[in-house]
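K.L.:
Here is what each chain is made of, one letter per residue.
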Amino acid sequence: MVDTVIKLTGLKKEFVRKKEKQLVLDGITFSAKKNEIIGIMGPSGSGKTTLLKTIGGILPMDTGSLEIFGEDCTRKMPKSIKQRVGFVFQEHNLMPWRSVEENLKLPFEMYHLKDQKANQERIDEALEIVGLSDYRMALPQELSGGMMQRVGIARAMVLQPDLLLLDQPFGALDALTRKKLRLDFMRFFTSAQKTIVIVTNSIDEALLFSSRIIVLSEQPAKIERVVEVDIPFSQRTTEVAHDPQYNELRHQMIEIVSEQYRQNREEDCYED
Amino acid sequence: MKTKSMLHANKISKFLRNSWPPLLMLVLIIALWEGIVYFFNVPYVVIPAPHLIVAETTKYFKSELLQHWLATVKIIAIGYLSGVPFGILLASLISQSKLAIRAFSPLITVLVTLPTMVVIPIYMVWVGFDINYRAIPVFMNVASIVTLNTLSGFINVEQRLLDLAEGYGASRFQRFFKYIFPNALPEIFMGLRLGCTFSILNVIGIEFITGKIGMGFAVQYFSGLLKMPIVWGCILIVGITGRCMFLIVQLLEKKFVTWTR
Chain A
1 MVDTVIKLTG LKKEFVRKKE KQLVLDGITF SAKKNEIIGI MGPSGSGKTT
51 LLKTIGGILP MDTGSLEIFG EDCTRKMPKS IKQRVGFVFQ EHNLMPWRSV
101 EENLKLPFEM YHLKDQKANQ ERIDEALEIV GLSDYRMALP QELSGGMMQR
151 VGIARAMVLQ PDLLLLDQPF GALDALTRKK LRLDFMRFFT SAQKTIVIVT
201 NSIDEALLFS SRIIVLSEQP AKIERVVEVD IPFSQRTTEV AHDPQYNELR
251 HQMIEIVSEQ YRQNREEDCY ED
Chain B
1 MKTKSMLHAN KISKFLRNSW PPLLMLVLII ALWEGIVYFF NVPYVVIPAP
51 HLIVAETTKY FKSELLQHWL ATVKIIAIGY LSGVPFGILL ASLISQSKLA
101 IRAFSPLITV LVTLPTMVVI PIYMVWVGFD INYRAIPVFM NVASIVTLNT
151 LSGFINVEQR LLDLAEGYGA SRFQRFFKYI FPNALPEIFM GLRLGCTFSI
201 LNVIGIEFIT GKIGMGFAVQ YFSGLLKMPI VWGCILIVGI TGRCMFLIVQ
251 LLEKKFVTWT R
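First to last, the protein sequences are chains A and B.
Just so we're aligned, residue 1 is where the first sequence starts under the working numbering, counting upward by one.
Just so we're aligned, residue 1 is where the second sequence starts under the working numbering, counting upward by one.
Quick caveat, the hints were computed from the structure, so don't treat them as lab data.
From the three backbone atoms N, C-alpha and C, an ideal C-beta is built for every residue, glycine too.
Any given hint might turn out to be false.
Just so you have them, the derived chain B footprint on chain A, three or more residues with Cβ under 8 Å [claimed, not checked]:
(1) 14 to 25
(2) 42 to 52
(3) 91 to 99
With a straight-line Cα cutoff of 20 Å, these simulated SDA-like cross-link-like pairs (lysine to any residue) come out [said to hold, decoys possible]:
(4) Lys-76/A to Asp-163/B
(5) Lys-79/A to Gly-169/B
(6) Lys-59/B to Ala-49/B
(7) Lys-105/A to Phe-173/B
(8) Lys-7/A to Thr-49/A
(9) Lys-34/A to Val-227/A
(10) Lys-79/A to Phe-256/B
(11) Lys-105/A to Lys-59/B
(12) Lys-254/B to Ser-99/A
(13) Lys-76/A to Gln-174/B
(14) Lys-105/A to Ala-49/B
(15) Lys-105/A to Asp-163/B
(16) Lys-254/B to Ala-138/A
(17) Lys-255/B to Arg-136/A
(18) Lys-33/A to Val-227/A
(19) Lys-105/A to Pro-182/B
(20) Lys-114/A to Ala-170/B
(21) Lys-179/A to Gly-131/A
(22) Lys-76/A to Ala-170/B
(23) Lys-76/A to Ala-49/B
(24) Lys-255/B to Glu-102/A
(25) Lys-105/A to Phe-177/B
(26) Lys-254/B to Lys-105/A
(27) Lys-105/A to Phe-176/B
(28) Lys-105/A to Phe-256/B
(29) Lys-12/A to Gln-219/A
Over the 10 Å line for every Cβ pair with chain B, so calculated as not near, a few chain A residues [stated by the list, open to error]:
(30) Gly-64
(31) Leu-66
(32) Gly-146
(33) Tyr-261
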């Protein structure tokens with residue numbers, strides 16, 4: 001039994017923008033154990049999404065190596081591995097020509113899983129979890145932003161993946177919806193017995209979900225800090241805001257983030 | 001049964017509610033037209049009154065106009081119905097290779113922008129005067145406009161969709177049929193709508209130039225005889241034909257494209 005789900009070593013990634021090479025990720029190394037929840041934070045444009053897409057096998061890597069479930073995925077991630085990875089995109093990324101239910105059928109079609117009855121059961125279950133059982137025939141564009149995002153999460157879960165990658169899942173939503181969804185999914189994610197990597201730009205979200213937070217630096221991004229969050233998941237409820245340990249971590253995180261912000265500002269000043 | 005008939009009645013009342021503004025407009029225009037012709041005593045050769053157009057057109061419809069109209073519709077149908085699938089197929093094939101896209105794009109644009117009228121003499125040298133060959137330029141024009149639009153739909157696929165496909169390790173086949181093709185449907189329908197306009201324009205143009213049948217010929221023939229009300233009637237028939245074609249495409253579009261880009 002392999003206990004390490006993700007093993008990423010020395011990931012470097014370059015983009016070519018306007019004929020200029022731009023180093024986005026500069027040597028990222030980390031690993032995730034089974035059932036660990038890892039939060040990834042960093043300034044905007046630091047390559048958080050790029051990092052997550054590389055782990056999900058969507059983007060190729062320039063240098064470095066990647067192992068998922070103990071299998072080498074450096075050059076190309078095999079389809080059998082991709083099948084065990086669920087990806088939630090930043091902005092739901094649903095197909096507007098498919099109804100909610102048909103959107104959830106997509107993963108089964110992609111892997112040629114043809115057991116209609118079993119598939120339907122999984123779809124029903126996923127819709128139940130995200131609370132959208134009454135909207136299976138609706139088209140995505142008929143739903144609100146929060147509902148679309150929940151469909152996106154349901155789609156990532158229908159194949160019951162062992163590894164769930166979430167790219168700012170609640171980022172595009174308004175503050176209230178965001179708060180509500182966060183609490184809705186907190187309980188589910190932490191009890192689902194899955195390895196989860198969640199990219200977020202909210203300190204509260206990172207603290208609420210993760211057992212470990214990786215903070216990236218400005219571009220070209222390196223791992224700047226790793227913060228262990230050793231608050232038991234049972235205590236992470238609406239009441240967590242009054243927990244002294246939580247508040248201490250929160251202060252620590254705010255300091256890290258504002259330190260990054262200050263550095264940026266100083267650099268900007270020098271450039272002038 | 002009762003509910004069904006009530007539903008039917010509901011549909012009719014909804015139709016009336018939605019379409020009374022254009023209907024009212026039509027009635028007003030016709031009334032104004034009749035009035036002006038009557039009061040100013042406009043000669044019917046210059047502007048015939050609507051009632052005269054309808055009367056003359058219906059009188060000649062069965063004996064003369066019907067065969068012209070059928071000939072025109074036949075050519076449109078052959079050209080359009082073969083041009084559309086060919087255009088979509090061609091765009092699908094070209095889109096598979098970046099090199100092919102670069103090689104073919106300028107050529108397709110030229111074919112779209114080139115007025116068919118100027119190439120018709122060449123066609124005639126090649127294939128002769130048989131009226132069925134009129135479908136060839138129509139086919140060429142419809143196929144090129146559909147190819148152009150479909151190809152642009154295939155090329156401009158959003159990165160997020162390709163990312164989604166890549167996350168599942170989609171095969172080339174899956175990526176095209178499950179992501180790229182449905183995503184391009186709005187553009188494909190844009191091509192189909194333009195194809196309607198193009199095909200009518202072409203057929204009428206060709207009929208003007210050559211042959212002794214078709215609505216284009218009828219317009220020339222009856223204006224030569226100074227039977228202007230029939231000429232106006234011919235124009236009306238061509239307009240209605242185009243509108244019906246457009247309507248069919250729109251209905252299909254409404255069924256398949258339920259989103260906006």
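K.L.:
What hints, given by number in increasing order, does this structure fail?
P.N.:
Hints 1, 2, 10, 11, 14, 23 and 26 not satisfied by this model.
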